[in-house]
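Undergrad: If you want the building blocks of each chain, they are given just below.
2 protein chains.
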Amino acid sequence: MTFRYSLQTNNGLARLGSFSTPHGSIKLPGFAPVGTQATVKTLTPEEVRNLGADLILANTYHLYLRPGSERIARLGGLHEFMGWDGPILTDSGGFQVFSLNDLREIDDDGVTFRSHLDGSKHKFTPEKVMEIQAQLGADIIMAFDECPPPLDRAYNEQALARTHAWAVRCAKHQQRRDQALFGIVQGGIFTDLRQHSARFLSDLDLPGYAIGGLAVGETKSQMYATLDDVMPHLPSDRPRYLMGVGAPDDIVESVARGVDLFDCVLPTRIARNGAIFTKQGRLNLRNARFADEPGPLEQGCDCYTCQRFSRAYIHHLIRAKEMLGFRLTTLHNLRFLEQLMDSIRTHIAAASYMEFRSDFLRTYLGTEPHSLEPSRPVDR
Amino acid sequence: MTFRYSLQTNNGLARLGSFSTPHGSIKLPGFAPVGTQATVKTLTPEEVRNLGADLILANTYHLYLRPGSERIARLGGLHEFMGWDGPILTDSGGFQVFSLNDLREIDDDGVTFRSHLDGSKHKFTPEKVMEIQAQLGADIIMAFDECPPPLDRAYNEQALARTHAWAVRCAKHQQRRDQALFGIVQGGIFTDLRQHSARFLSDLDLPGYAIGGLAVGETKSQMYATLDDVMPHLPSDRPRYLMGVGAPDDIVESVARGVDLFDCVLPTRIARNGAIFTKQGRLNLRNARFADEPGPLEQGCDCYTCQRFSRAYIHHLIRAKEMLGFRLTTLHNLRFLEQLMDSIRTHIAAASYMEFRSDFLRTYLGTEPHSLEPSRPVDR
Numbered sequence: 001m002t003f004r005y006s007l008q009t010n011n012g013l014a015r016l017g018s019f020s021t022p023h024g025s026i027k028l029p030g031f032a033p034v035g036t037q038a039t040v041k042t043l044t045p046e047e048v049r050n051l052g053a054d055l056i057l058a059n060t061y062h063l064y065l066r067p068g069s070e071r072i073a074r075l076g077g078l079h080e081f082m083g084w085d086g087p088i089l090t091d092s093g094g095f096q097v098f099s100l101n102d103l104r105e106i107d108d109d110g111v112t113f114r115s116h117l118d119g120s121k122h123k124f125t126p127e128k129v130m131e132i133q134a135q136l137g138a139d140i141i142m143a144f145d146e147c148p149p150p151l152d153r154a155y156n157e158q159a160l161a162r163t164h165a166w167a168v169r170c171a172k173h174q175q176r177r178d179q180a181l182f183g184i185v186q187g188g189i190f191t192d193l194r195q196h197s198a199r200f201l202s203d204l205d206l207p208g209y210a211i212g213g214l215a216v217g218e219t220k221s222q223m224y225a226t227l228d229d230v231m232p233h234l235p236s237d238r239p240r241y242l243m244g245v246g247a248p249d250d251i252v253e254s255v256a257r258g259v260d261l262f263d264c265v266l267p268t269r270i271a272r273n274g275a276i277f278t279k280q281g282r283l284n285l286r287n288a289r290f291a292d293e294p295g296p297l298e299q300g301c302d303c304y305t306c307q308r309f310s311r312a313y314i315h316h317l318i319r320a321k322e323m324l325g326f327r328l329t330t331l332h333n334l335r336f337l338e339q340l341m342d343s344i345r346t347h348i349a350a351a352s353y354m355e356f357r358s359d360f361l362r363t364y365l366g367t368e369p370h371s372l373e374p375s376r377p378v379d380r
Numbered sequence: 001m002t003f004r005y006s007l008q009t010n011n012g013l014a015r016l017g018s019f020s021t022p023h024g025s026i027k028l029p030g031f032a033p034v035g036t037q038a039t040v041k042t043l044t045p046e047e048v049r050n051l052g053a054d055l056i057l058a059n060t061y062h063l064y065l066r067p068g069s070e071r072i073a074r075l076g077g078l079h080e081f082m083g084w085d086g087p088i089l090t091d092s093g094g095f096q097v098f099s100l101n102d103l104r105e106i107d108d109d110g111v112t113f114r115s116h117l118d119g120s121k122h123k124f125t126p127e128k129v130m131e132i133q134a135q136l137g138a139d140i141i142m143a144f145d146e147c148p149p150p151l152d153r154a155y156n157e158q159a160l161a162r163t164h165a166w167a168v169r170c171a172k173h174q175q176r177r178d179q180a181l182f183g184i185v186q187g188g189i190f191t192d193l194r195q196h197s198a199r200f201l202s203d204l205d206l207p208g209y210a211i212g213g214l215a216v217g218e219t220k221s222q223m224y225a226t227l228d229d230v231m232p233h234l235p236s237d238r239p240r241y242l243m244g245v246g247a248p249d250d251i252v253e254s255v256a257r258g259v260d261l262f263d264c265v266l267p268t269r270i271a272r273n274g275a276i277f278t279k280q281g282r283l284n285l286r287n288a289r290f291a292d293e294p295g296p297l298e299q300g301c302d303c304y305t306c307q308r309f310s311r312a313y314i315h316h317l318i319r320a321k322e323m324l325g326f327r328l329t330t331l332h333n334l335r336f337l338e339q340l341m342d343s344i345r346t347h348i349a350a351a352s353y354m355e356f357r358s359d360f361l362r363t364y365l366g367t368e369p370h371s372l373e374p375s376r377p378v379d380r
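Chains as they are written, first to last, in the working numbering: chain A, 1 to 380; chain B, 1 to 380.
So that you can see chain A by itself, here it is in the shape it has in the complex (with noise of 0.2 Å):
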């Protein structure tokens, strides 16, 4: 089997594992840096790969309407367009034109809106994003869903059946079976939603499960709930992608609850702002006390950007809006993430994790974790 995910051992709910796709196979739990537009902003492809990233996403929305899916067909798919050899994962394009707002409009058979860029009307379905997403030919593609506001329970009950629908027929209309389709769990917040998705996703037998709508508008204690609430009615052999989220704390909390796949555009677009990461939390770049520091960005920090520059550099760089200093914090940022990974994948390998959670947290944020909950099972 192409796709299989392996188990290597647990601690608590906190998986080791790996899941194998036709371009190699992917640490889990793991990190993806985002290529919206069929480039992780800045970066080459050696260096995303040299950071220890082994997948990367690209944006079906985006990359359909320029430089359009077909184009890169005909180019020889997305790994040849963009250079990249290693796994990518293709969102199914529905986060994004749900956010259009005003230039969409859904019914039951998909969306249609107007692109960003020209104001030309367009159609998804969830067959449309099916040949969307073989035409560019990531190795894990998304089903089609439909993203409400996590705290709105009539619109998500709403949403959730459409969801479902969709990603029955999105199975139906897979085209290439070398692409994993990942089915998303949504329902917002609400126990009996998420619970029930994660039921009638789980029985159409999909290599991956995502789950979608958070980290867009709860609070962290709502969606580590959330987390707490869904994640055991996952089949436990299958990949578990938390998607949009890679804020560090909401990594760590989230990998104790179970999740093995992160995605983020948090580094890499704070970067463009001069903001890094450090394990005491953010700092700001374009700050005046930076200006003569000749220090790293990081003590002890293994990154490309730390091994050679200083503080005061990248400060410079960064007021002057010089694209190398965004180049910089970018690589700092995302091997903060990777670094982190690692960190990650280690302690629970030596049975640690929980240990690794409380010190990361209290140096991060200062606080203590929030605590795991057993999930609350809701009969529907």
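None of these hints come from the bench; they were simulated from the model. Beta carbons: idealized from backbone N, C-alpha and C, even for Gly. Careful, some of the hints might be misleading.
To be verified - Taking CB as the label site, the calculated pair distances span:
#1 B/E293 / A/G295: 44 to 52 Å
#2 B/H116 / A/G83: 32 to 40 Å
#3 B/R289 / A/V378: 53 to 61 Å
#4 B/G295 / A/T2: 15 to 23 Å
#5 A/G366 / B/G68: 33 to 41 Å
Following the hints, position chain B against chain A.
TA: Okay, now just chain B, sitting in the frame of chain A:
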């Protein structure tokens, strides 16, 4: 002697040689990429080195204002600050402050100007500029000069007296023996002024000479004729640097007239507009015809970009305003020029430079070379 020009061989007026500095030797003829704000835009120092560049240029005016030359001195100097351990050349700031137009006033003492960043008032004098360049710590520093429009005879006469007086003051106030002070020959397109300037500055016995004030308004014929006239009046045992010139045809024509060194923002600036050099001339990758081209930017180019990416992908990145696109075109354009300098040196060594020049210009411009004219000496 730390700074020494070594002539290896001549081919006509073209010279193959090298110039030694405390941070290494510079192969001549050579091209220096420009790192205005202590970074060659988009690139790391390793990347610049791997392109084959020996020398980079940084701008005194920009670095004096931000992050400040005193700060750079405190942080260990420009080499340490930006992580470049090869030779550096800083300009005098003259060209930049004269370009400020309404923001500056010139008198015999120097130039009073307002910062383009915050409007703050500053004054550059020859002494001040020597102090700033000592703080920056480049290997090659430039005398403070006045840069009039090349076709304005009256202004050039008046400015030349000032440029010469300032060169004397710079030589007198040079602070560090580990820096080579180059004089700048001015005089617009006027043979008598240029020859007078060359002789005046030669008498100062400086370790190198620049030709300033060209490629800023005159025709190419006028520029080449000016070089024909002035070059024989510069000492043959010192390097000759044509400031601000970097168009491939200009480099090839100028080497034929005895120029050793060039710098220019052209390759990096046009790269950020999506334009690239090829042996067949310039191309703009924004053009829709590149959207489906699977081949490299230029067949046979050995640059990183051409080894790995298609025209279609780079077209996409440029259209999507992705920083990686600007990195990749910058790498190509700078490597194009370094490959050109390699070819130039090879052909001078093989005594085939004149044939190379004709072949190159026919392919690049579709025209024949400009004829080389004997210098027209003028007595004053």
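Undergrad: Any of the earlier hints contradicted here, and which numbers?
TA: 4
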